[in-house]
Amino acid sequence: MNRNTAQNSIRPWAVIFWLLVWQGASMLFVALWPNGHLLLASPVSAALRLGELACTAAFWRAVGGSIAHIFGGFLVGCVLAVALAVLSARWHLVRELLYPLTAAVKAVPVVSFIILALVWLDSRSLPLFISALMVFPPVYLNVLAGIAAADAKLLEMARVFRVPLGRRLTGIYLPAVLPYFRSAVSLALGLCWKGGAAAEVIGLPSGTIGERLYTAKVYFQTPDLFAWTAVIVAVSVLFEKLFLALVDALAGKAGL
Amino acid sequence: MELHIKNLCKSFDGRPVLENVSFTAGPGVTCVMAPSGAGKTTLLRILLGLERPDSGSTPSDVRWSAVFQENRLLEHLDAMGNLRFVLGAALDEPAADALLTELGLGDTAGKPVREFSGGMKRRLALARALLAPSDALALDEPFTGLDEENRARCLALIRRTAEEKPVLLVTHDPADAKSLGADVIKL
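So the protein sequences, as listed, match chains A and B. When you read off a place in the first sequence, starting at 1, and then add 92, the result is the number in the numbering used here. When you read off a place in the second sequence, starting at 1, and then add 574, the result is the number in the numbering used here.
To be clear, the hints were calculated from the coordinates, so they are not data collected in a lab. It is possible that some hints are incorrect.
[To be verified] Derived pair list, reagent style DSS-like, types lysine-lysine, alpha-carbon separation capped at 27 Å:
id, chain 1, residue 1, chain 2, residue 2
1, A, Lys345, A, Lys333
2, B, Lys752, B, Lys739
3, B, Lys685, A, Lys245
4, B, Lys685, A, Lys345
5, A, Lys286, A, Lys309
6, A, Lys286, A, Lys345
7, B, Lys584, A, Lys245
8, A, Lys245, B, Lys739
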């Protein structure tokens with residue numbers, strides 16, 4: 093492990109330190125105010141609440157509902173981004189046409205898109221749309237950069253030997269694009285869960301994590317708030333690991 | 575097949591690189607010799623269709639096979655994978671295996687090209703050019719990085735191929751031209 097990797101990885105002692113800070117702060121709130129436990133739930137109470145919730149069918153329905161919307165949006169965004177990156181690499185006009193769109197999606201706050209989209213879409217479609225929107229710019233731009241990074245000398249070789257497009261795609265473009273796609277997916281999965289959860293909290297589709305988060309906020313159920321937030325983080329990390337493992341397995345199968 | 579090259583001219587940024595180059599090449603080896611920067615590689619690139627000449631004519635419907643100045647191999651694939659990339663379903667595996675063995679690459683199955691030495695990569699680039707279906711062969715410094723033994727093996731294979739089709743060889747070494755009994759064109 094090199095020095096930078098060691099510096100960027102999460103160390104158990106640092107996690108324990110911050111959990112202790114959180115526990116200390118919640119105990120301080122309880123000591124200072126009669127209803128201090130409502131202002132900041134302790135990590136212990138959040139963990140206990142998470143355990144209780146995980147024993148209910150409604151919990152798993154909410155998790156499943158959110159995964160279906162948000163991961164569905166991720167897949168739609170990915171497919172669109174890759175397809176349009178290929179078209180943009182082939183036709184300069186498509187790239188010029190899409191440039192303002194990607195710049196706008198990157199610059200405009202996600203909440204503006206959520207409120208605007210809520211005017212046109214029903215609350216169930218909203219997280220799917222927002223997740224796809226969040227995924228689009230990083231995947232599109234990275235795949236486009238990967239295509240541009242394909243070795244021009246190898247492409248010339250393929251042209252001289254009249255290698256068909258299919259083999260050029262798998263032999264030259266795929267190895268060039270895959271590292272870019274991998275880092276884009278890693279970034280995009282985090283973004284789509286953040287954006288998708290925000291869309292659920294605002295749109296309130298029934299039977300989702302976002303709806304449960306909103307309910308927890310309205311009724312000052314702060315242990316629930318932390319428990320559901322932990323679920324979002326856990327599901328986001330899990331999906332990132334699973335998807336990257338799938339990409340790595342495909343790359344390994346292709347000998348990359 | 576005969577290749578007729580007539581009055582080929584090419585300049586870069588107003589600096590002429592090729593001026594009225596004309597020659598005819600039939601089956602056998604035609605050796606293009608010139609000092610560095612005199613346009614040898616540019617000539618091959620024009621013939622391969624990778625550059626457009628400013629004026630002059632080249633044969634248009636020739637199917638070329640080539641060893642480039644660089645090896646231009648897919649580093650993540652093994653030797654057979656590189657041959658399969660170019661030849662696809664047309665790859666005759668026993669014939670490819672025999673050629674790889676002849677070039678001293680017989681025991682490299684499953685080893686990605688990125689782990690090959692410079693000389694091994696050069697020999698694989700030559701194997702690819704020899705196996706690919708073609709009307710003519712363009713070889714740009716194909717012996718770079720080869721020891722005497724492997725150089726002799728490659729010369730023998732080129733000599734054999736040149737009996738059937740035109741081979742254009744770019745080299746600095748007059749001994750190569752002599753050994754192959756080549757016609758020499760000086761730029």
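Here's how the hints hold up against the structure:
| no. | hint | result |
| --- | --- | --- |
| 1 | Lys345/A / Lys333/A | holds (18 Å) |
| 2 | Lys752/B / Lys739/B | holds (19 Å) |
| 3 | Lys685/B / Lys245/A | holds (22 Å) |
| 4 | Lys685/B / Lys345/A | holds (15 Å) |
| 5 | Lys286/A / Lys309/A | holds (17 Å) |
| 6 | Lys286/A / Lys345/A | violated (32 Å) |
| 7 | Lys584/B / Lys245/A | holds (21 Å) |
| 8 | Lys245/A / Lys739/B | holds (25 Å) |
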